[in-house]
Structures are given as C-alpha cells and as structure tokens.
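My request is simple: use the sequences and hints to build the entire structure.
Respectively, the protein sequence lines represent chains A and B.
The numbers in the numbering used here rise by one with no breaks, and the one at position 125 of the first sequence is 125.
The numbers in the numbering used here rise by one with no breaks, and the one at position 333 of the second sequence is 333.
In case anyone wonders, no lab produced these hints; they're calculated from the structure.
If you're wondering where the values come from, they're calculated on a predicted model, not measured in any experiment.
Errors might be hidden in some of the hints.
Chain B side only, calculated, beta carbon under 10 Å to chain A, not exhaustive [said to hold, decoys possible]:
no.: 1; residue: V272
no.: 2; residue: W295
no.: 3; residue: T299
no.: 4; residue: Q317
Stretch by stretch, here's where chain B covers chain A in the computed footprint (C-beta under 8 Å, at least three residues) [what the hints assert, rightly or not]:
no.: 5; stretch: 279-290
no.: 6; stretch: 300-311
no.: 7; stretch: 325-339
no.: 8; stretch: 387-400
Even glycine gets a Cβ: it sits at the ideal position worked out from N, Cα and C.
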Amino acid sequence: MNFDDTPQEAAFRAEARAWIQANAPKQYEDELRKASLGRSGLKNANMLEVAKAWQKKKADAGWACLHWPKEYGGRGSSPIERVIWQQEEGPFGKLSGMFIIGHGMCGPTMMAFAGEEQKRQYLPPLASGEKVWCQLFSEPAGGSDVAGLRTRAEKQGDDWIINGQKIWTSGAHYSDYGILLTRTDPTVAKHKGLTMFFLDMKSPGVEVRPIKQASGHSDFNEVYFTDVKIPDSQRLGAVNDGWNVSLTTLMNERMSIGAGVATGFPELFEFCNSLMLEDGPAIEDRSVRSRLANYAVKASGLRYTSMRAISALSKGDRPGPENSIGKLVAGSMVQEVAMYALDLQGAAGALSGEDAEVAGKFQAMLLRAPGTRVEGGTDEIMRNIIAERVLGLPGDIRVDKDVPFNKIPTKGRA
Amino acid sequence: MNFDFSDDQKQMRDAARKFLTEKCPPKAVREVLDGKATYDKALWQGLADMGFLGVAIPEEFGGAGAGHLELCVIAEEMGRANAPVPFSSTVYLAAEALLLAGSDAQKQKWLPKIASGEAIGTLALFEGKGNPSPKAIKLQASGGTLSGVKKPVPDGAIADFAVVAARTGSTGRDSDISLFLVDLKAGGVEAKSLTNVDPTRGQAELTFKNAKAEPLGAAGEGWSILTQVLDRAAVLLAFEQVGGSDRALEMGRDYALDRIAFGRPIGSFQAVKHILADMYVSATLARSNCYYGAWALSTNASELPEAAAAARISATQAFQHCSKNNIQVHGGMGFTWEFDCHMYYRRANATALTLGSLSYWEDQLIDRMRKKNAA
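Spelled out as structure tokens, the structure:
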C-alpha cells in the first residue's frame, strides 16, 4: 500500500506539470479556484469559449481524453495517469465540466457501437472540444424509469422520423451532437422496443428550450423533436436493442472516476476557520467541530474510496456498481453543508450573491444541491443499485415488466 | 500508487478468517458472554501459535516481524469474529507502547511473552469518567512506586502487566505525566472486575498501593508517548470495527434474503434494501479511511495523527450504524439473546469508548487539520 509515484508515473507527472504550467489560462486560475458548486460561468469571460480554447490546446499537445485510444483523439493513458493529470490540472479541470457528458458517456458509446469511419470522423473533434455532445435520455414520463420514455422513431425508407420530447438535457443549448434513445416498438415490453441513435443537434425540427432551474441558472434544457430525420447509418446498435446500448453508456458513467466528487467540505472548513461567532472563532466551538469532523471523514472516505477504485482499475478490474457511493454520499452532503453554512451565518444567511458571506458561495451551493441528488440517478436509485447489484438483494417488483408498452397505464389516479 | 493490500497480505487475511471461523464461532464467544470464562484461552493460544499476536513485533523480540499492514489485516478479522480475547489491550496498547518507548531490556522481557501468548498486557489510563487528558490523571508516582486507582482498565483483571499513566509533576503541563510498567502479579495491585456493556471484553478497576513500577520512556514524556500509542491503537481498532461492520451487514443481508413476510423476502422491500445500502456505504467509507490510516501507520507518516482520527471516527460510526441496523432488519428476533446481533451491538458501543469517545476524536481531528492547514 503506497501513494508514491512509480518512476513512469513520476515522469508523466513532471511532463504534465511542466506543460500545464506553460500553457494553462492563468488569468482565470483564481476565479476557477474559488468557484464552487452552484456557480456557473466566469465573471468577465464566456466560459464555453475559454473551456473550448483550453480543450483544443490540450488536444493539440496530446493531453485530451487521456484514456481514449490515440486514433480517436486520446492518449491511451492508464487510469492512474488520468488521476495524476487531474491532480496537476487543478482548478483548470473545472473548465472540462461542459465536456463531461460527451467525453465520459457519448464518446465511449460511439466507440462501442459506431462504425470505424464514423468514429474517426466524430470522435477527434469531440475529444478536442471543437464539438460538444449531449445525451438525450430523460423524458417527462421517463426519469428514474428511463425505459418509460415515449419519444418515437419511425422508419421511413433509409431514414428514421423522430417525434417527442426530452428533458433535463445538460448542455443541449450549446451542443453540436447528441445521442438519443427512442421508442421504435410500442407493442412490446418497455425495455424491448428502444433504439439508440446519434444526431446533429442543428437538424431541422430540433428545438432546444433552456429550463430555468431553482438556482436561477439554465444548465438544463427541454428538447422537442418534430419530424426530425435521422439516417439509419446513425443508428447505434441493433433496432430495438437500445436498452443494452444505453447500459453501456451508463456503465461508462462510472468510469468517470476522478480525484474526487464535490462534497462542499473544503469550502466549509475554510469558512469555519475564518468565521467569528458571538463567543469566538467558529472553529473553536464544540458543536461546529463535531459537525466538521463528521463531514471531514465522509469527504476523506470518498476520496480514498475513489483511490481504491483507481487501484482496482489499474489492475484491470472493471469499475463496479460500488462506485455509486460517491454520488449518493456527496449529493446529500453538499446540501447539508450548504444548509449548515447558512445556519452559521444566522439571519444574514438568507442573503445571497454579493450581499452574502463569502460572496454567496454557500447560498449558490444550496440552490444547486437538490439537482445533484437527482441527476444521473436519484439517491433512491443509487441505494437500489447498491442493494441489488452489490449486496445481491431482490430487484424491486416491476409490474409493467412484461406488459406491452402501449398497455401500461399512463396515470395513477384515473 | 497502489491503494490496496498486497496479495501476500490478502492471503494472510484469508488464513486468519479461516482460522477464526473454525476456532471462534459465535458459540465460543457466548462462553465468555455468558460468564463461563473470562476470555477464550484456547483461542488465545491458537492466535499465538498462528503467529498473529506477534505479527508486528520484530523477530529479535520473538515476533513474526511482518509489520503493521499485516496487523491491520488480522485486526479486521478479529473484529469480524468478535473474538473474546484481550487482543486489543495486549497487542495495540501494551505492545505498541513498549515498541515506541520501551528500553531494550523491557522489550526483551515482555514482547516475546506477548508474541507467545504467555503475557497479557494493558494500558491503565482512565480514572473514571471522561476522555484522555493529562489533567484527569491523578494517580501518583513517587520513589518508584504508584498509588491510586485506574478504571476502567480494558482486560485489567486478566492482565499480567500494565502500562500506567501517572502524575510525576505539578506544573499543569503535559510534561507532568510519565509512563510506568507494572508487573500486576508482583503484588501491590488489586484488580476488581467491573460489569460492562460488552462482557466479551473485560473491564476492571486497578487499585495501586505503593506498587513497584519502572519508568517506560523518559520522565515527562508520558503524554507525548500516550498520544502516539492512542493514534496507533485507533487505526488498529478501527480495522476491528470495520470487520465488525462488515459482519453485521452480512448478517442483516442474509436474514433479509431468508425471511419471508407479506409473501416476499423482506430484502425485496425498498425500505429494507435502503437500510442495508446505507450500512454498506458507512462500512465502505470507514474501510477507505482505515486504508489511509494503515498506510500512515505502516510508514509512520506525518499524516498519521490526522489519518488515525479520521479512521477512528469513521469506523466507530460505521460499526454503531451497522450493528444497530442489523438488529432493525432482524426485527424482534434481532433483539433476542439467542440471536447474535446483540453481540456486535455490544462490541460496537463498547469499542466506541475504549480509546476516548467519538467527541474526543472529533476534537482531535479538527485540531490536527487546523495545524496542518496553518503549516
């Protein structure tokens, strides 16, 4: 058991560090360092442009999508090299946020199911950030129950005609391409009639409407499809096998293991270290210390859990469902941390933005946190995954499992 | 980087698990729980014969000289089996104090006896309520003898020797405290067994009446040595707690799969599944914190104090969480004497206090993080 770099790892680190030092957009370093969950964007610059420029620079020098094969724009790096890169990239890594879905989920799905020519055409510009991708799965009628989706794809000659609506689509408003899960046969059980495609988001009939979230930001969208035409050559996997294709996408989500998920703890610790309460420094208050210690061990527990996962990956093990822990624990922790930080501010905790303590950092976190517990699978789904796939408990009873999709009731109370 | 135990260490874990499954079934734990024995003597000798008691003791002092990562592996299995033996007091507290501060002669006298199972040791620190603190130590040392009362002392009634924290100064500083070694069988010490929440780990009151004592480590260094001993023991005990957490989770999972209610295994109900998922989460976070503690312990890293406190808090929480919810999943059966659930619940809650309470370690963790932050 050790944390030391091997000689190869040390050489990789030195090379990465030197390159980042020479090339990173330093003018944004401070602002990125201070940014926390719930704050999106840079004050005096377009975040997307800055992010794209940084990604392009990385790609040109061979530092983009480290774990991808070289021929598709990656570097063929080991999982540990990925982590080393993230450690060295530091706050500039936050600029990769808008590429996560493309790089972590769409790219790997294309790699598994697209034709060779398509991979060579679409993957390098995705790796370099020139093209941004989104993932069109969730619908008003299919959130946690993804297979409940209703967007139809109907074959017409060599094309498919798409009609329907997606929701909670991160980044659709600046995406160039998307992977799209549709229903192609409503007369069979819900998991059996789905088909996956990829499409150009600028296709006629695609309408993206940003959703204003509780936080006031608009990171998500509704996407409407009206007679959108997709050539059959952009189908991923077999007709009606879309469920299996989507499982590949979701499994790859787990591969996006990094140096750590956001827990809010470093921000809270720093805040308590400087905050003065009526009776003295917050950090010297017994109840504050107790709360901090509880959050500290969760945050460190998550950090070392991901290191264990990386060690397992580097020995060739596949990432398992146990990695659902990170999202489950961090999601509700961020929310609790935000509430606690507001509580420590007393009456003034209700202020927000520049009028609040530490420029409203925790208020922004508070308003973003509920989303973290829902996106990519709710807390409840995460617990089901752990209970069923790690602990081997029976699956939930699914009364619609063998019912043709078009016979499933659509309303609870008639 | 490799954040895992080695294949050899995992083999040792398998060997320890096999040994303990065979030699320490719940029936054996119950012999001690029911008061028919003070500890499992046959198991103790078996652990010595397997080389487990001296796994981290250097070969020159009669041990296996393997190291602390190996001891962590054994500790986890001891916790899993709920072993009713004075392992933690002897191996984590007494042996670690000797390794840290003992003279060659002291090590030569006691460590081989620990490794061979001939001597049980303990640490006599507490004097009634409260957490580890130099101020709480009243027991006086003078002219090579000790006088005063220590309680609770883990395994104090069966121990052959004790490392005793005593007051040697009156400046009000930590340097007022020194450590001593006392042969408990040499006279001058009365031991009285105390009833406690977990009878499989004895607690005692030791009354010292001019008991002969020899200094352990330099005079005035007692508190600093103790802090290090407690940190090391915290990591090791945390591994026991993780072993216990895992076993409690397994028991709950197995019961949830077997027990049918409303026509279904209760493990198919989401409410029950989510209890078990949360148990898995707390046990996993604790295990990961423990691995970091194991690394810090085995390399004597400067991160050890912080890592030890984190491992201790996380593992204490996990074991309490898993053992109480194991009973919940079992329902009424879990609350009976006949089922084994309460043995883990007892152990979890007693262990939570043996090195100072959760709030003590929370305090330590934040202090240590602040120091690191300031540095």
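Hints, one by one, checked against the model:
1. A cut of 10 Å between beta carbons decides the hint on V272(B): the least distance to chain A is about 8 Å, and the hint holds.
2. With a cut of 10 Å, the hint placing W295(B) at the interface with chain A holds, because the nearest CB-to-CB distance is about 5 Å.
3. Proximity of T299(B) to chain A holds as hinted, the smallest CB-CB distance being about 8 Å (cut-off 10 Å).
4. The interface hint given for Q317(B) is met, as the beta carbon of that residue sits about 7 Å from the closest beta carbon of chain A, less than 10 Å.
5. Coverage of the stretch 279-290 of chain A by chain B holds [criterion: at least 3 residues with CB-CB distance below 8 Å; count 4].
6. Counting residues of the stretch 300-311 of chain A whose C-beta lies closer than 8 Å to any C-beta of chain B gives 10; at least three are required, and the coverage claim holds.
7. Under a criterion of three residues with beta carbons nearer than 8 Å to beta carbons of chain B, the stated coverage of the stretch 325-339 of chain A is upheld, 3 such residues being counted.
8. Given a C-beta distance limit of less than 8 Å, the hint that chain B covers the stretch 387-400 of chain A holds, as 10 residues qualify and 3 suffice.
Violation of the numbered hints given earlier is absent; every hint is satisfied by the structure.
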